[in-house]
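2 protein chains.
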Amino acid sequence: MINRLAILAPGLLGASVARAAHDRGVARHITIWARRPEVRVALADQPWCQTVAETPRDAVAEADFIVLAPPVARIGELLEQIAPALREGAIVTDVGSVKSDICRVARQTMEASAGVFVGSHPMAGSAQTGWQHAEPGLFVNRTCFVTPEASASPSAVETVVRFWRDLDSEVVTIDANKHDEIVAHISHLPQIVATNLGTLLGQSPAEWSQLSGNGLKDTTRIAASDATMWIEILQQNRDEILRALNAFEDDLHHFKSSLANRDWTDLRTRLERGKTWRDSLRP
Amino acid sequence: MINRLAILAPGLLGASVARAAHDRGVARHITIWARRPEVRVALADQPWCQTVAETPRDAVAEADFIVLAPPVARIGELLEQIAPALREGAIVTDVGSVKSDICRVARQTMEASAGVFVGSHPMAGSAQTGWQHAEPGLFVNRTCFVTPEASASPSAVETVVRFWRDLDSEVVTIDANKHDEIVAHISHLPQIVATNLGTLLGQSPAEWSQLSGNGLKDTTRIAASDATMWIEILQQNRDEILRALNAFEDDLHHFKSSLANRDWTDLRTRLERGKTWRDSLRP
Numbered sequence: 001m002i003n004r005l006a007i008l009a010p011g012l013l014g015a016s017v018a019r020a021a022h023d024r025g026v027a028r029h030i031t032i033w034a035r036r037p038e039v040r041v042a043l044a045d046q047p048w049c050q051t052v053a054e055t056p057r058d059a060v061a062e063a064d065f066i067v068l069a070p071p072v073a074r075i076g077e078l079l080e081q082i083a084p085a086l087r088e089g090a091i092v093t094d095v096g097s098v099k100s101d102i103c104r105v106a107r108q109t110m111e112a113s114a115g116v117f118v119g120s121h122p123m124a125g126s127a128q129t130g131w132q133h134a135e136p137g138l139f140v141n142r143t144c145f146v147t148p149e150a151s152a153s154p155s156a157v158e159t160v161v162r163f164w165r166d167l168d169s170e171v172v173t174i175d176a177n178k179h180d181e182i183v184a185h186i187s188h189l190p191q192i193v194a195t196n197l198g199t200l201l202g203q204s205p206a207e208w209s210q211l212s213g214n215g216l217k218d219t220t221r222i223a224a225s226d227a228t229m230w231i232e233i234l235q236q237n238r239d240e241i242l243r244a245l246n247a248f249e250d251d252l253h254h255f256k257s258s259l260a261n262r263d264w265t266d267l268r269t270r271l272e273r274g275k276t277w278r279d280s281l282r283p
Numbered sequence: 001m002i003n004r005l006a007i008l009a010p011g012l013l014g015a016s017v018a019r020a021a022h023d024r025g026v027a028r029h030i031t032i033w034a035r036r037p038e039v040r041v042a043l044a045d046q047p048w049c050q051t052v053a054e055t056p057r058d059a060v061a062e063a064d065f066i067v068l069a070p071p072v073a074r075i076g077e078l079l080e081q082i083a084p085a086l087r088e089g090a091i092v093t094d095v096g097s098v099k100s101d102i103c104r105v106a107r108q109t110m111e112a113s114a115g116v117f118v119g120s121h122p123m124a125g126s127a128q129t130g131w132q133h134a135e136p137g138l139f140v141n142r143t144c145f146v147t148p149e150a151s152a153s154p155s156a157v158e159t160v161v162r163f164w165r166d167l168d169s170e171v172v173t174i175d176a177n178k179h180d181e182i183v184a185h186i187s188h189l190p191q192i193v194a195t196n197l198g199t200l201l202g203q204s205p206a207e208w209s210q211l212s213g214n215g216l217k218d219t220t221r222i223a224a225s226d227a228t229m230w231i232e233i234l235q236q237n238r239d240e241i242l243r244a245l246n247a248f249e250d251d252l253h254h255f256k257s258s259l260a261n262r263d264w265t266d267l268r269t270r271l272e273r274g275k276t277w278r279d280s281l282r283p
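These protein sequence lines are chains F and Y, in that order.
Residue numbering for the first sequence follows this note's numbering, starting at 1 and increasing by one per position.
Residue numbering for the second sequence follows this note's numbering, starting at 1 and increasing by one per position.
What the hints contain is simulated information worked out from the structure, not anything from laboratory work.
Just so you know, even glycine gets a beta-carbon here, dropped at the ideal spot from N, CA and C.
Misleading hints may appear alongside valid ones.
[Said to hold, decoys possible] 25 Å max Cα-Cα, derived DSS-like pairs, lysine-lysine:
| # | chain 1 | residue 1 | chain 2 | residue 2 |
| --- | --- | --- | --- | --- |
| 1 | Y | 178 | F | 178 |
| 2 | Y | 217 | F | 256 |
| 3 | F | 178 | Y | 256 |
| 4 | F | 217 | F | 178 |
| 5 | Y | 256 | F | 256 |
| 6 | Y | 256 | F | 217 |
| 7 | Y | 217 | F | 178 |
| 8 | Y | 178 | F | 217 |
| 9 | Y | 217 | Y | 256 |
| 10 | Y | 178 | F | 256 |
[Claimed, not checked] To give a feel for the contact side, a few chain Y residues facing chain F, derived at Cβ under 7 Å:
| # | residue |
| --- | --- |
| 11 | 137 |
| 12 | 174 |
| 13 | 198 |
| 14 | 199 |
| 15 | 200 |
| 16 | 202 |
| 17 | 204 |
| 18 | 208 |
| 19 | 227 |
| 20 | 231 |
| 21 | 247 |
| 22 | 270 |
[Said to hold, decoys possible] To be clear about the criterion: a stretch of chain F counts as covered by chain Y if any three or more of its residues have a C-beta under 8 Å from a C-beta of chain Y, and this derived list gives those stretches:
| # | region |
| --- | --- |
| 23 | 24–32 |
| 24 | 41–55 |
| 25 | 120–127 |
| 26 | 179–186 |
| 27 | 206–216 |
| 28 | 270–280 |
Bound-form chain F, shown alone (with noise of 0.2 Å):
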């Protein structure tokens, strides 16, 4: 169990986590650090946050464990910031959803810091935003990636995944650039495909899409996710998004060619190696 949990810029997903926390008794007492005066003021009243802090630092100072949950850009200048207040051992986590920038980050601003930094990413979400809609069931036999640099101690580590586990999430420990290589095939290219789908069909007339069934609405449900986060992961992946992309390009392409060269042969077997690895996917 961890003694003093804190939580600093609680959305949606760092609400979750001290909702979770406390639901399941993993933390002792829960301190919570958020931006905005007037969120501070109504965390105050929620059950699973017994102290609000008034500023980043005051939130560190006696935390055993901290889970860093602004928006991936805002990491690292919140890393800054404690760095210089953790005690002796404490062990730093966050919830962004690319690694690699922000664990270069962490390994310089942590160096001459008594803490330590392990990088999580808990593949969970909803379509709301804010931590007025956390939910403490969200990490629930949900893959969360953990990433530790090569320095980092193996017992900060086992802290960190047990961390997510007894929050019932599935732990994957993995390098930083590969699982930013990973996530963008499995989460940012099927994001961008659902995007074009809706400029596509945004430039079309709007009865068009009403008409469509449950195929469209599935395939472009995360087209509605927001945009600022977004901006934020190509920002932060662009590289590895990029690779992905062009691979998906040139298989599309493909595809359009053997279409418009009449290769039904070709085509038929697109169609299914699509649906063998579809049916291969765990419900």
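Given the coordinates of chain F, assemble chain Y onto it according to the supplied hints.
Coordinates of chain Y only, in the frame set by chain F:
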């Protein structure tokens, strides 16, 4: 109410038409013909099938309203078989998901016949195939396109429209060519995109895909569709699909260029346009 309804070559869609019509009292008597003898034997035991016919011609001889439900590539040959056997004023429709080819064939085939053809396309389906998986509620609140030729009598069109409305579909009457342009965008393009995400991810290590969240699962759900059905759709709607694919490739390529050039303003506009479109879809 239809006196005698005939359904030819029922799979999931055709048998769902039979069950829906039976449950709602839309037809007094339902006759079914299936190509395979063992299916004919099994159908004879179904409460929603009053007569099993041995041939397509037998099935339609006394019918007022006929639904052709084979795979889209076989509708033409079935039309040729039944055309000489139709009684005066018999109305024939189908459930094919591409319409201009079928309507062109029907124009020629039905010329000397006593019946009239009015094409239909109910936008309904299931991950399952086969008459055994028929669902009487399959068409409820789903779009059903009706694509009459200019020469079709208004009363025949009205009968087909009323038939689908009686199964609780939302009927849209539209020109066959316009139909094919629309479904190329709202149905066939999403299928191709999902298939190509599947073929690309199928080339990655299998464990990557198992790590995915619901986003990838939703975006690729329709990649699991039947390959044979899709080959036929690609064959019948090749030109419109190529046009839609070209437009999608252009959009995607611009997105990629903006990412390569770090044009975050353009990328934000695209993400927001995609979101605006997706948020505008009825649930």
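Now the hints, each set against the structure:
no., hint, verdict
1, Y:178 x F:178, "violated (46 Å)"
2, Y:217 x F:256, "holds (24 Å)"
3, F:178 x Y:256, "holds (22 Å)"
4, F:217 x F:178, "violated (31 Å)"
5, Y:256 x F:256, "holds (19 Å)"
6, Y:256 x F:217, "holds (24 Å)"
7, Y:217 x F:178, "holds (21 Å)"
8, Y:178 x F:217, "holds (21 Å)"
9, Y:217 x Y:256, "holds (23 Å)"
10, Y:178 x F:256, "holds (22 Å)"
11, 137, "violated (14 Å)"
12, 174, "violated (9 Å)"
13, 198, "holds (3 Å)"
14, 199, "holds (5 Å)"
15, 200, "holds (5 Å)"
16, 202, "holds (4 Å)"
17, 204, "holds (6 Å)"
18, 208, "holds (5 Å)"
19, 227, "holds (4 Å)"
20, 231, "holds (5 Å)"
21, 247, "holds (6 Å)"
22, 270, "holds (5 Å)"
23, 24–32, "violated (count 0)"
24, 41–55, "violated (count 0)"
25, 120–127, "holds (count 3)"
26, 179–186, "holds (count 3)"
27, 206–216, "holds (count 9)"
28, 270–280, "holds (count 11)"
In the structure shown, a violation is registered for the earlier hints numbered 1, 4, 11, 12, 23, 24, in ascending order.
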